[in-house]
Each structure stands twice: as structure tokens, then as C-alpha cells.
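Protein chains: 2
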Amino acid sequence: MSPEFTLSCPLPLDASGRVQIGHGGGGRLTRDLIERIFAPAFGSRADTDAAVLALGGGQLAMTTDSFVVQPLFFPGGDIGSLAVHGTVNDLAMAGARPLALAAAFILEEGLPLETVARVAASMAEAARRCGVRILTGDTKVVERGRGDGLFITTTGVGALVAPAPLEPSRVEAGDALLVSGDIARHGIAVMASREGLEFESRIESDSAPIHEEVMTLIGEGVELHCLRDCTRGGLATALIEIAGAAQMDFQVDEQQIAVRGDVRAACELLGFDPLYVANEGRFAAIVSAGCAERALEILRRNRPEAAIIGTVLGRGSGRLTAKGPLGAVRVLDLLSGEQLPRIC
Amino acid sequence: MSPEFTLSCPLPLDASGRVQIGHGGGGRLTRDLIERIFAPAFGSRADTDAAVLALGGGQLAMTTDSFVVQPLFFPGGDIGSLAVHGTVNDLAMAGARPLALAAAFILEEGLPLETVARVAASMAEAARRCGVRILTGDTKVVERGRGDGLFITTTGVGALVAPAPLEPSRVEAGDALLVSGDIARHGIAVMASREGLEFESRIESDSAPIHEEVMTLIGEGVELHCLRDCTRGGLATALIEIAGAAQMDFQVDEQQIAVRGDVRAACELLGFDPLYVANEGRFAAIVSAGCAERALEILRRNRPEAAIIGTVLGRGSGRLTAKGPLGAVRVLDLLSGEQLPRIC
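One line per chain: the protein sequences are A and B, in this order. Here my numbering is used: the first residue of the first sequence is 1, the next is one more, and so on. Here my numbering is used: the first residue of the second sequence is 345, the next is one more, and so on.
Hints may contain errors.
Stated by the list, open to error - Distance windows between CB atoms, simulated:
1. B/G563 - A/R194: 50 to 58 angstroms
2. B/E539 - A/E114: 32 to 40 angstroms
3. A/L197 - B/E487: 14 to 22 angstroms
4. B/N646 - A/R315: 54 to 62 angstroms
5. A/E114 - B/G540: 35 to 43 angstroms
6. B/R473 - A/D262: 50 to 58 angstroms
7. B/E458 - A/G261: 41 to 49 angstroms
8. B/R674 - A/E143: 31 to 39 angstroms
9. B/F417 - A/T216: 32 to 40 angstroms
10. A/G324 - B/E487: 32 to 40 angstroms
11. A/G145 - B/R608: 53 to 61 angstroms
If you are wondering where the hints come from, they were derived from the structure by calculation, not from laboratory data. Here the structure is a predicted model, which is why all the values come from computation and not from measurement. By construction, the Cβ of each residue, glycine as well, lies at the ideal position given by its N, Cα and C atoms.
Please work from the sequences and hints to get the whole structure.
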């Protein structure tokens, strides 16, 4: 520690002064950590998942994510394909066409080498399907009991193709809110797999790349204002973050949001609100009112459950409200920690 | 696991079939893992630390590294500054000017938040000194006992400025081998700090950025053929890897390689060969014979211990030999695992 070091910011409001599981949950504690420690230290923005870098004539988007999901293999995916999809999707959310990935592995002593090979093969297959190359990598090993099998950090670079930045400041009153499919499958699939829960039907993660849909929206001239993938914290957290950054109030109509019957039943059983359950192949799109129907038609080519789910009411405190089936309106706020730890 | 999955390669020659600490040591086991699992799966190269991507008119270099060093703070540095220097240096070794970094954190539940803030501040300061921005990041949290305080994965992108690729295939018979300073300080500093060893003098890590020296070498027209930073596995491993990839035999004169007296004494005491001990601010340069003196003069502006340490003998099996003070020649080979685990 250099002698001139001083904390430039108050520590997060956390009585223990220590990292809690909730700091990784994508909710209020995660935001605290970013806003009070990382963003001030690095002078970087806290409101997007990918950064943009001018390079030569073009613009490059860059994003990074560590994956610590447990179990490593779950219905509909595994840590390897998830790491590829998550990174490709973060690039797409910035309006960038994914070009290349880097993959860094932290292995725990004693992990079967066959597991490493299975995960590597899954990553390679996912990358092939996404049309990106895994260009470079790294491997570190930690002693037994100092890791948890396998962690992967993937970093992606992409070429910006959106005609204007996709960010909260571009959101306008009257914009339409869309979601690209049914929600809450990934979190429930991972949780069921981890806890050994069995439901009547097998719930698979929605883990999938979404960049082709985004490229089509851009290519067909839909006026996109902001995109956000609905990962940790689910659809609600994605919308709350954008609403807060934009200082615009949003309202969604819960009846328009598709949740599969078995997923809804599992959420009820487990006490989860599907609006906050993680997805890994769904995104929220905020588009100009005039483009809403065209955007919907494009999204429905891939998933008929895609829907226009609400509107941007106008300037305000950045509040998200949800209208229920009986017309009652409730306020949706950031969860403090997480409903489901380590789902990505 | 998809049903069509089959291992496309034999597993590493490891009787246990499990990850060992040595798989992260930078030696033969690490090479096995890369050559037999990662490189075939990803179709990527195993012989450089950074990959190059054509983008628009220019060429972009990309590199990634996870840092798992213990302890987090050591004489001369900490995991934060190390993560920045390591990534900036890998870009420089590809002949690229570092532009931007991404940083992903895996935190263990219970870690003091003040530690996170200290590490973030150290990273920010190191990045400022290197002239790069930390553009984007990620935070995950794992339960107590499933991590080890703090892991950081840094990924860097840079603009290629070397007039030709710096890679083993460009090494020619007669080329000069240089090293940019005294060696073996980082490994000994970390080990002493971890084990609570005290020497007469305090040995500090050499952790530092080396891109300015590389940019000067390029800017002043030195004909560089290949560069390699002497991290895990030290100077010997860096040269063995290049010799092997180039299929050229190298010879170094041990008397030309600077090792500080206190570092040499510590190595003798601990039974380490300084040629294999990690550095984090030193690199080996292979330059055309005619440029050797100019390269030396440039390197000595920064560190008077920089030296011309040997030559490329010619085409062969890719063997590195070292001539000792009495004229005897010994063969240097890759270590199986590591001398010093978790030094980066």
C-alpha cells in the first residue's frame, strides 16, 4: 500500500465492512461496489456492460465477465457455452458485432482434466455457432479448497455497428419497452440443478447468443435507444438500471411478459419473482414508439414469446412500475443482494 | 455434455487425470494443457501470449491473464499493479502499444472491502502510469472457502506498431539474445513474503511496465525478431519456448546474466535456479546481430544491468544451453511443474 493512498470514497453501506455474497448478485450491493469503489478508482462508467474505444477509423466495443456458475453443467448449457454467450451478448447490447474472445481459466487442483476438456469443447462449439474466434487465453491453478473447480473469465471485442450509441441517455418519453422472449428460465434451471429439484417438466436454461437478432434490428433500421441483457437480477433489474441512469419513469404491463407455466410454477414454489430471475438469452430493448411494431415482428421471427411490454412514461426519478392483471400498479426496486447466487 | 462430444486429443500425460498445481506453473504441464486441450479446441496458437486481429485498417493485439498471486500485497507491488503490468507487458511483447484494459474480479465472501479498495486504487495508479485506461469490468462473489480472497483477470487491447510480427518464426541464426535487466526478483520477493522469510536486505519485486522500452526499440529502428517477458518459469522458460517454436538452438553465457547478490543468496538458500524464477518487469529480446549494440544501449538507459547474454546458434532441435563460468555447457529444459506456485 503506497503511503499516499487514501480512500477517495466512503465504503459501501455494509456494517461488516466485508464482501458479502450479495455483492455479486447484480442488485443494490453490486451497484454500491461499482459506484463507490471501482468506477471512482478507474474513472469508468458504471451504466453499461461494454466500453467503446475509438481505434483507427472505427469504434471497438470491449466487455469482460467472470463466470463462477455452479454446477458447471446444467440443463441447457454449461459454464463454457455460458461464458461465450454472455460475452457475445454484452457486445451485442452495445450495438457491436462480436469479433473475438479471450478466455482465462482458474482451475482448482484436483479437477478432472476431462472436465476441462469438456468445457473447452463446449466453448469452442458455442464460439463457432456465434461466428467468433477464441484468440488467446490463460490458465492458472490454485490449491484444493482455494477455488471451486473452474472459473472462466471471457473478454470480447467487437466492431460497433449501431449508427448511434445505445445508452440510457437516448431513452425518450413514449419509447416502447420490448423483451425478446419468455423469461426466468436460466435462473430456475441452474437452481433446480444445483439443489436437485425435479419439476414435472425439465426446465432448460435459455442460454443462447442474441447478437443476430440485434444485428437484424440494426440492419432493418429499427431506431434502438438502449438494449440490456436480462442476466443477474433479471428483466426488472435491467429496466431499473436503465430507468435510473436515464432518469425516466418506465411502466410495464405484467400480462404482456411471457413466463412458461412450469417456470412460473417453480418460481411460486421457490418464492421467486420471475421478473428478477436471471436469463442468459433474453434482452430488453427500448425503441422509438414508431419502430415498436417492426421491432416486435423481427424479434418474433426467433421467438414468438417476444412482446411489447410497456412504455417510457416520461422524465422522473427513474422509477419502474408494473401493472398487474387487476390493474394495480406496484413499484419494482433493486433487490439488495441476490435471489440466486452464482447463476453466471 | 452434448452426445456427439468426443475428446479430439489424448489427455495430458498425467497419471491422476486431474489438474495439478504444476499445470499452472508455466512449465511442461502448462504446455501440455495448452497444446492438448485448449489449442486444439479453440484452433488458436500456443506459442505467443497475445493474439493479433485485423480490424479496419489497423491491427489489434489482444491478451488476457488471470492473477492469483498470494499474498495479495508483497514487497514492490500487489495483485492490482501486477495485473496491470502483466497485461501491458504481454501487449508490448507482441509489438503493440497498450490502449485499454478490462478488469474482472472474483471476490471471496468475507474479504475486507478495504482490501478491494486498496487493490482498485493500486490498479488505477498503475494504469495511469502506463498510460492505459481501465475501460470496463465485472465483479463476482463466491462463498467463503470457494475462492482465495481476490482473483483478477485483466485483458488488454493494443495497437500493433511493430513493422513485422514478433514471433519465433522470425528468429535467425546469429541473432543476439538480450535481457532487459537483472533477473529473479519477483519470484523471490513473493516467496519470501508468503513464507515470512527475512533476508539481510529487503528484496522487492521487479514488477513494472516494459512497454516504453519496447516502443523505443521499435521507434529507433532496432530489428526485433521476437520478444518474451520472463514471467512464470523465468528467463530460461521464455527462451526455451522460443527456441522450441523456432526450432533453433540458443546458447546463453551465464556470466552475462545479472542477478543481484541478495537474490542469488536467497536462491541458493531456497534451492532455486534464478534462471527459472519469475520476473514481472524483465523481458528477453531476440534481435538481428547488427542491431544488438544499439538495442543494448537503449535498454541500458532504463537499467544498467541489461545485457547481451547469448546468441542463436542455428537450426536444430530447439535446445537452450548455458555456458557456465568455467566454460562447461549445460542443457536447460522446461521444468515439469513450477518452482514457485501462484507468483502471478
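Evaluated hints:
1. Here the CB-CB span from B/G563 to A/R194 is close to 54 angstroms, well matched to the stated 50 to 58 angstroms.
2. Roughly 34 angstroms separates the CB atoms of B/E539 and A/E114, a value that falls within the hinted 32 to 40 angstroms.
3. The hinted window of 14 to 22 angstroms between A/L197 and B/E487 holds, with their beta carbons roughly 20 angstroms apart.
4. Remark: the range hint 54 to 62 angstroms for B/N646 to A/R315 is upheld by a beta-carbon distance near 55 angstroms.
5. For the pair A/E114 and B/G540, the beta carbons lie near 38 angstroms from each other, so the given range of 35 to 43 angstroms is met.
6. At about 55 angstroms, the CB distance of B/R473 to A/D262 agrees with the hint of 50 to 58 angstroms.
7. Checking the proposed 41 to 49 angstroms range against B/E458 and A/G261 shows it holds: the Cβ atoms sit about 48 angstroms from each other.
8. In this structure the supplied range 31 to 39 angstroms holds for B/R674 paired with A/E143, their Cβ-Cβ distance being about 32 angstroms.
9. Checked against the hint of 32 to 40 angstroms, the C-beta distance between B/F417 and A/T216 comes to roughly 49 angstroms, which is inconsistent with it.
10. At roughly 35 angstroms, the beta carbons of A/G324 and B/E487 sit within the given window of 32 to 40 angstroms.
11. One distance hint, 53 to 61 angstroms for the beta-carbon pair A/G145 and B/R608, is violated here, with the actual separation near 35 angstroms.
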